[in-house]
Amino acid sequence: MKTAHEIRPGNVIMLNGSPWVVQKTETTRSGRNAAIVKMKLKNVLLDSTTETTFKGDDKMEDIILERLDCTYSYFADPMYVFMDAEYNQYDVESGNLGDAAAYITDGMEEICQVTFYEGKAISVELPTTIVREVTYTEPSARGDTSGKVMKPATVAGGATLSVADFIKTGEMIEIDPRTGEFKKRA
Amino acid sequence: MSTEIANQHWDIFCEVVDNYGDIGVTWRLAKQLVKEYQIDINLWVDDLNSFSHILPGLKPDQATQTFDRVTIHQWNVPLDINFVPGAVLIEAFACELPEQVKSQLIAQQQSPDDTPPLWLNLEYLSAEDWVEGCHGLPSMQASGIKKYFYFPGFTPKTGGLICENELLEQRTAWQSDPANKLALFSQLGLSGIDVQDKVISVFSYETLALPALCQQWQESTQKIHALLPKGRSLNSLTHLLPCSVEALTPGQQIVINNLTLHILPMTDQPSFDRLLWSCDFNIVRGEDSFLRAQWAAKPFIWHIYPQEDDYHLVKLEAFISLYCDNLAPEIAKYWTELNLAFNQEQQSAVNLHWQNLDSVNLPLLQHAQKWPIFALNDADLATRLVQFVKNS
Chain V
2 MKTAHEIRPG NVIMLNGSPW VVQKTETTRS GRNAAIVKMK LKNVLLDSTT
52 ETTFKGDDKM EDIILERLDC TYSYFADPMY VFMDAEYNQY DVESGNLGDA
102 AAYITDGMEE ICQVTFYEGK AISVELPTTI VREVTYTEPS ARGDTSGKVM
152 KPATVAGGAT LSVADFIKTG EMIEIDPRTG EFKKRA
Chain Y
3 MSTEIANQHW DIFCEVVDNY GDIGVTWRLA KQLVKEYQID INLWVDDLNS
53 FSHILPGLKP DQATQTFDRV TIHQWNVPLD INFVPGAVLI EAFACELPEQ
103 VKSQLIAQQQ SPDDTPPLWL NLEYLSAEDW VEGCHGLPSM QASGIKKYFY
153 FPGFTPKTGG LICENELLEQ RTAWQSDPAN KLALFSQLGL SGIDVQDKVI
203 SVFSYETLAL PALCQQWQES TQKIHALLPK GRSLNSLTHL LPCSVEALTP
253 GQQIVINNLT LHILPMTDQP SFDRLLWSCD FNIVRGEDSF LRAQWAAKPF
303 IWHIYPQEDD YHLVKLEAFI SLYCDNLAPE IAKYWTELNL AFNQEQQSAV
353 NLHWQNLDSV NLPLLQHAQK WPIFALNDAD LATRLVQFVK NS
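These protein sequences, in sequence, are chains V and Y.
Residue numbering for the first sequence follows this note's numbering, starting at 2 and increasing by one per position.
Residue numbering for the second sequence follows this note's numbering, starting at 3 and increasing by one per position.
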């Protein structure tokens, strides 16, 4: 069992007797430090999506399905194609990647985990740390070097996230793609 | 009123965390649902002792009692009063329902002849943007029962704000005659307050900003009366007190130059509303008094409940942004700076911004008078809640 707060995009959870792919999670803070987690879920059996909200400490069954280490190969709209070590190809619908899609880039070499349900590739989890080039960010406004002042940035793949104020366009940065959190300059 | 809702029975569960905040909100909501929608309300409260401070007639040792037509039950663990499910079940502020209640919901869900109540989690009030995207969303439970998140808020896409039907009219009538406030002060045992004196209610958490303000108020050219209940605000002013906070008595006065501190007795909610209506400025905290200060249509400081990583400042700034939307830039700046300085315990800044704000008191007061209509967006929380239940 995991708490809602621990669930990440790409996980598959069991709710109301059905498996659901977690496409997106958004954690916010309610009063008195309590976390609220909003999730976009896709029902693996019915192919339907829903938005739902949980208390951060709500417990849910994170089901372990068959997984394979794969690398990203190419995009054939609307499918992302991944390949395993034996050159087998697996198509994953773009919607099932959730926010991870914004970190997918041509030629990326990171090993991703493709999850299968009854033989069908249903989701992809990226590594917990990836390195991406900052394609655009405003110049530093305050000259802050502590890393505490943040500003928005866009990285290769199209994701936008908050980065330290000292980061410049063209630099490589480490990101946790599960949360979109900037870690450090690479 | 639709007969579909009238005479239904709803249950509200409230876990008292901060003495008067959670119970203050749920008690007001319960009374309003009974009075304005004729819904039978069972209010389950885990701490009747705290509750009795805002409902003086309540007997903490009595398991079931009725006030304002609301049935109040002591919520013991395990629950020792038989729970009979009604049409709606509200867990206030994400409190964990008793196991017996959850078991009954599951049994109802599994029975072909029964339906569990509509289960709602009434959340905390926030002015942040994300509230619109989460309000009204279901929360799938492992049992298969859907619970819905109900978020109060300031915009039409949220669950609204608690405000009784006739409250604003009553407030306007009250404020039209200065004799009302003087009579109230007298009734509360507060003496020596003249109609031209400045009266400030103080209901904050502990903060270094308060002694700084008191220092300034002492040196004011105008007589200032600060009204404080025994509790957390006074913990920050112990250096001004002749005795411990515990030893203070309601009605007691501490005079320091032009500042008089008055110790307030605990009052019920209607009296607390009238107190806020009667003061020139209110310093309030948390959620319940924060909202009531807005309905009082007087300038105020909001001492927000502190959160980890200073996240409360994000919530404060979200409200400030809404509140200042139609406010002249200079006044908005002063009011914003005062609230931020107070919440960050910046003593010299809070004094500076208090002086600045004092210089624009009249336009700020005019804004405070217009704000409730804007904030309510045509429908209060109870009205929207009833509509939500009808639509679900």
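Because the hints were derived from the structure by calculation, they are not lab data.
It should be emphasised that the depicted structure is a prediction, and the values quoted were computed from it without experimental measurement.
Watch out, some of these pointers could steer you wrong.
Claimed, not checked - Below, a list of computed lysine-lysine pairs in the DSBU-like style, where the Cα atoms sit at most 30 Å apart:
no.	chain 1	residue 1	chain 2	residue 2
1	V	K3	Y	K148
2	V	K121	Y	K148
3	V	K152	Y	K104
4	V	K25	V	K152
5	V	K41	Y	K335
6	V	K41	Y	K159
7	Y	K148	V	K41
8	Y	K148	Y	K159
9	V	K3	Y	K392
10	Y	K148	Y	K61
11	V	K60	Y	K159
12	V	K149	Y	K335
13	V	K41	Y	K392
14	V	K121	V	K149
15	V	K60	Y	K335
Unchecked claim - Per the computed footprint, the stretches of chain Y lying under chain V, defined by three or more beta-carbons under 8 Å from a beta-carbon of chain V, are:
no.	stretch
16	37-45
17	118-131
18	135-142
Cβ atoms here follow ideal geometry from the backbone N, Cα and C, with glycine treated the same way.
Right, here's what the structure says about each hint:
Under the criterion of a C-alpha separation no larger than 30 Å, the hint pairing K3 (chain V) with K148 (chain Y) is consistent with the structure, at around 19 Å. Restraint check for K121 (chain V) and K148 (chain Y): satisfied, since their Cα atoms lie roughly 29 Å apart, inside the 30 Å limit. Taking the CA atoms of K152 (chain V) and K104 (chain Y), the gap is about 45 Å. The hint is violated against a cut of 30 Å. At roughly 23 Å between alpha-carbon atoms, K25 (chain V) and K152 (chain V) fall within 30 Å of each other, so this suggested pair holds.
Of the supplied pair hints, the one linking K41 (chain V) and K335 (chain Y) is violated, its CA atoms being roughly 39 Å apart against a limit of 30 Å. Between K41 (chain V) and K159 (chain Y), the direct Cα distance comes to roughly 19 Å. Compliance with the 30 Å bound is thereby established for this hinted pair. As the CA atoms of K148 (chain Y) and K41 (chain V) are separated by approximately 16 Å, the hinted pair is consistent with the 30 Å bound. A distance of roughly 21 Å separates the Cα atoms of K148 (chain Y) and K159 (chain Y); the hinted pair therefore holds under the 30 Å criterion.
Simply put, K3 (chain V) and K392 (chain Y) have alpha-carbon atoms about 34 Å apart, too far for the 30 Å limit, and the pair is violated. A C-alpha spacing of about 35 Å is found between K148 (chain Y) and K61 (chain Y), which places the hinted pair above 30 Å, so the restraint is violated. For the hint linking K60 (chain V) to K159 (chain Y), the alpha-carbon distance of about 28 Å falls within 30 Å, and the restraint holds. Note on K149 (chain V) and K335 (chain Y): the hinted pairing holds, with a Cα-Cα distance of about 25 Å set against a maximum of 30 Å.
A C-alpha spacing of about 26 Å is found between K41 (chain V) and K392 (chain Y), which places the hinted pair at or below 30 Å, so the restraint holds. Between K121 (chain V) and K149 (chain V) the alpha-carbon distance is near 43 Å, which puts this suggested pair outside the 30 Å criterion. Proximity of K60 (chain V) to K335 (chain Y) is assessed by CA-CA distance (about 44 Å); at most 30 Å being required, the pair is judged violated. Against chain V, the stretch 37-45 of chain Y contributes 0 residues with a C-beta closer than 8 Å to a partner C-beta. That does not satisfy the three-residue criterion, and the hint is violated.
Given a C-beta distance limit of less than 8 Å, the hint that chain V covers the stretch 118-131 of chain Y holds, as 6 residues qualify and 3 suffice. For the stretch 135-142 of chain Y, the stated coverage by chain V holds: 6 residues have a C-beta nearer than 8 Å to a C-beta of that chain, and at least 3 were required.
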